[in-house]
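The listed protein sequences derive, respectively, from chains W and G.
Anchor point for the first sequence: position 101 equals 101 in my numbering, and the numbering is continuous, going up by one each time.
Convert by adding 1000 to the 1-based position in the second sequence; the result is the number in my numbering.
Some clues are possibly wrong.
Just a few of them, taken from the derived set where beta-carbon distance is under 10 Å, the chain G residues facing chain W [what the hints assert, rightly or not]:
1. Val1004
2. Lys1101
3. Gly1105
4. Gly1107
Some chain G residues near chain W, calculated using beta-carbon distances under 8 Å [as the list claims (entries may be wrong)]:
5. Gly1041
6. Glu1042
7. Pro1044
8. Arg1049
9. Gln1100
10. Leu1102
11. Phe1104
12. Gln1106
Mimicking EDC-like on lysine to aspartate or glutamate, the simulated pairs with C-alpha atoms at most 16 Å apart in a straight line are [to be verified]:
13. W:Lys3 with G:Glu1042
14. W:Lys59 with G:Asp1002
15. W:Lys78 with W:Asp24
16. G:Lys1111 with G:Asp1084
17. W:Lys62 with W:Glu85
18. W:Lys53 with W:Asp71
These are calculated hints, taken from the structure and not from any lab test.
C-beta atoms are modelled at their ideal positions from N, C-alpha and C, and glycine is treated no differently.
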Amino acid sequence: GPKVLQIPSHQIIDMGQMVTLNCDPVSNHLYFYWYKQILGQQMEFLVNFYNGKVMEKSKLFKDQFSVERPDGSYFTLKIQPTALEDSAVYFCASSSPTGGVYEQYFGPGTRLTVL
Amino acid sequence: GDSVTQTEGQVALSEEDFLTIHCNYSASGYPALFWYVQYPGEGPQFLFRASRDKEKGSSRGFEATYDKGTTSFHLRKASVQESDSAVYYCALGGTTSSGQKLVFGQGTILKVYL
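Could you build the full structure based on these sequences and the hints that come with them?
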C-alpha cells in the first residue's frame, strides 16, 4: 500500500538545540499531520497542514514548533529550541480528500531523545 | 473534548481464540470511527472505518459495528493467529471539535501465543 517515509528514525540531541523531523508523504496526498506519542501514552494530535497553511493545531503545538512543506518536498516539523518534554516518537501522516473523514497513512515514526 | 477509551491495556490469547477489544467513545456530533493496527517498528495502519450507526467495518477477519446507542465500536475476531500480535488503536474523527484530526484511544497490546 501507500507508504509514508520519515527521516531520521532516531535523533538524539541536547536540550536547547534545534531539530528538524522530515516526512515524505504519499505522493498524491494533500493533507499532512504530525502526532506525538510519549512512551506508554496514547498518540496525540499536534498539527495538520493543507495548501501551505496550518489548518488546526493542538495545545501541544507550542510556539517553539513550526511546520512547512517547501515546494512539495519534505513535510517538516521543526522544534527550536528543544526541551526535555519534547522527547517522544513523532508520527507523520498524510491523507487524500476522498470525502468524509479521511483515512490517514502513517510513517514509522521518528524517536526524538532530548538530553 | 472528544475522547476514546479502550478498556483493555493488554490481551493475551492462544491461537484460534476469539478476540474482543472494547472501545467506547465520547464525542460531540456524529463521529466516524476507526480501528488502526501498529506492528513493531511501524506506524499505525488503517484497518477499517464505520461512519453511521449500525454500520459494520471489517478487514482481514476483524470487524466492529458502530453502535451509537452504547457509543461503542468493539473490535472482534473469531480466530486469532500469532501474526495478529500488535497494538490496536480505536480512533474517532470528523466531529466539529475533532475536525480532520484523529483522536486515539490508549491502545491495546494483543499477544497471541502458539
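Unmet hints by their number, sorted upward, for this structure: none
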